[in-house]
Amino acid sequence: DTEVTQTPKHLVMGMTNKKSLKCEQHMGHRAMYWYKQKAKKPPELMFVYSYEKLSINESVPSRFSPECPNSSLLNLHLHALQPEDSALYLCASSQSRADTQYFGPGTRLTVL
Amino acid sequence: AQSVTQPDIHITVSEGASLELRCNYSYGATPYLFWYVQSPGQGLQLLLKYFSGDTLVQGIKGFEAEFKRSQSSFNLRKPSVHWSDAAEYFCAVAPGRGSTLGRLYFGRGTQLTVWP
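Here the protein sequences come in this chain order: A and B.
Position 82 of the first sequence, counting from 1, maps to 82 under our numbering, and the rest follow consecutively.
Position 114 of the second sequence, counting from 1, maps to 114 under our numbering, and the rest follow consecutively.
Okay, chain A solo, but in the shape it has when bound (with noise of 0.2 Å):
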């Protein structure tokens, strides 16, 4: 089983509202990551996490804040975003870093 779960499905937020994006994985795998796509694009990695342990930054703006709480749970928290943080929010994880990355479905996030 390769699945990869994400909750909410779908989220709109105000910009002076805080939120958490969830990702699950059951695969055991020691690496996730948090990647953002706008319409059209491809997906931009933001974090990559590595045995629950931070390992890149692509600098992010804070008001992004990921926490990976254990092997199996990596989430995103939000606050004061802007519209232009609207997006795709997908999360994918990996057996590590060097491997095959799998994604989940994504949370769509819109910031009014």
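In short, the hints are calculated from the structure, not lab data.
Wrong hints could be hidden among the right ones.
[Claimed, not checked] Footprint (simulated), chain B over chain A, 3 or more residues, beta carbon under 8 Å: (1) 50-61; (2) 103-111.
[To be verified] In the DSSO-like style, the derived pairs of lysine-lysine whose C-alpha atoms are separated by at most 30 Å in a straight line are: (3) A:Lys18 / A:Lys53; (4) B:Lys68 / A:Lys40; (5) B:Lys61 / A:Lys41; (6) A:Lys9 / B:Lys49; (7) A:Lys38 / B:Lys49; (8) A:Lys41 / B:Lys49; (9) B:Lys68 / A:Lys41; (10) B:Lys49 / A:Lys36; (11) B:Lys61 / A:Lys36; (12) B:Lys61 / A:Lys9; (13) B:Lys49 / A:Lys22; (14) B:Lys61 / A:Lys38; (15) A:Lys40 / B:Lys61; (16) A:Lys53 / B:Lys49; (17) A:Lys40 / B:Lys49.
[What the hints assert, rightly or not] Stretches of chain B that chain A covers, calculated by requiring three or more beta carbons in the stretch to come under 8 Å of a beta carbon on chain A: (18) 39-51; (19) 69-76.
The structure displayed is predicted, hence computed values, not measured ones.
No residue lacks a Cβ here, since even glycine has one placed at the ideal position from N, Cα and C.
Since the structure of chain A is provided, determine the placement of chain B on it from the hints.
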């Protein structure tokens, strides 16, 4: 710097016709190569991958891809396209053996339209 080129932004084929989507990469060593497919509003599904060995790899949904080192290419093919194949296709490259970078480099994608 690593780069992935998908020269075709949009391809239209008739159902039942053959398909080839092109992908070229620029990388110092032999990278790991992937093709992903994305339906509207959905996540990316892995179609196939190449790490080493046989340069012709088979994937899901009847797709195959051939790695050609001399041309730095990894083109995706399907002998007979179905209407359900209409989607966005992404070629991706990752640093190969011995690397722990965990970074995928994506091409810009090719939108496939299938006419009935």
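Do the hints match the structure? See the list:
no. : hint              : in the structure
1   : 50-61             : holds (count 3)
2   : 103-111           : holds (count 5)
3   : A:Lys18 / A:Lys53 : holds, 23 Å
4   : B:Lys68 / A:Lys40 : holds, 28 Å
5   : B:Lys61 / A:Lys41 : holds, 24 Å
6   : A:Lys9 / B:Lys49  : holds, 28 Å
7   : A:Lys38 / B:Lys49 : holds, 24 Å
8   : A:Lys41 / B:Lys49 : holds, 21 Å
9   : B:Lys68 / A:Lys41 : holds, 26 Å
10  : B:Lys49 / A:Lys36 : holds, 22 Å
11  : B:Lys61 / A:Lys36 : holds, 27 Å
12  : B:Lys61 / A:Lys9  : holds, 26 Å
13  : B:Lys49 / A:Lys22 : holds, 27 Å
14  : B:Lys61 / A:Lys38 : holds, 26 Å
15  : A:Lys40 / B:Lys61 : holds, 23 Å
16  : A:Lys53 / B:Lys49 : holds, 27 Å
17  : A:Lys40 / B:Lys49 : holds, 23 Å
18  : 39-51             : holds (count 7)
19  : 69-76             : violated (count 0)
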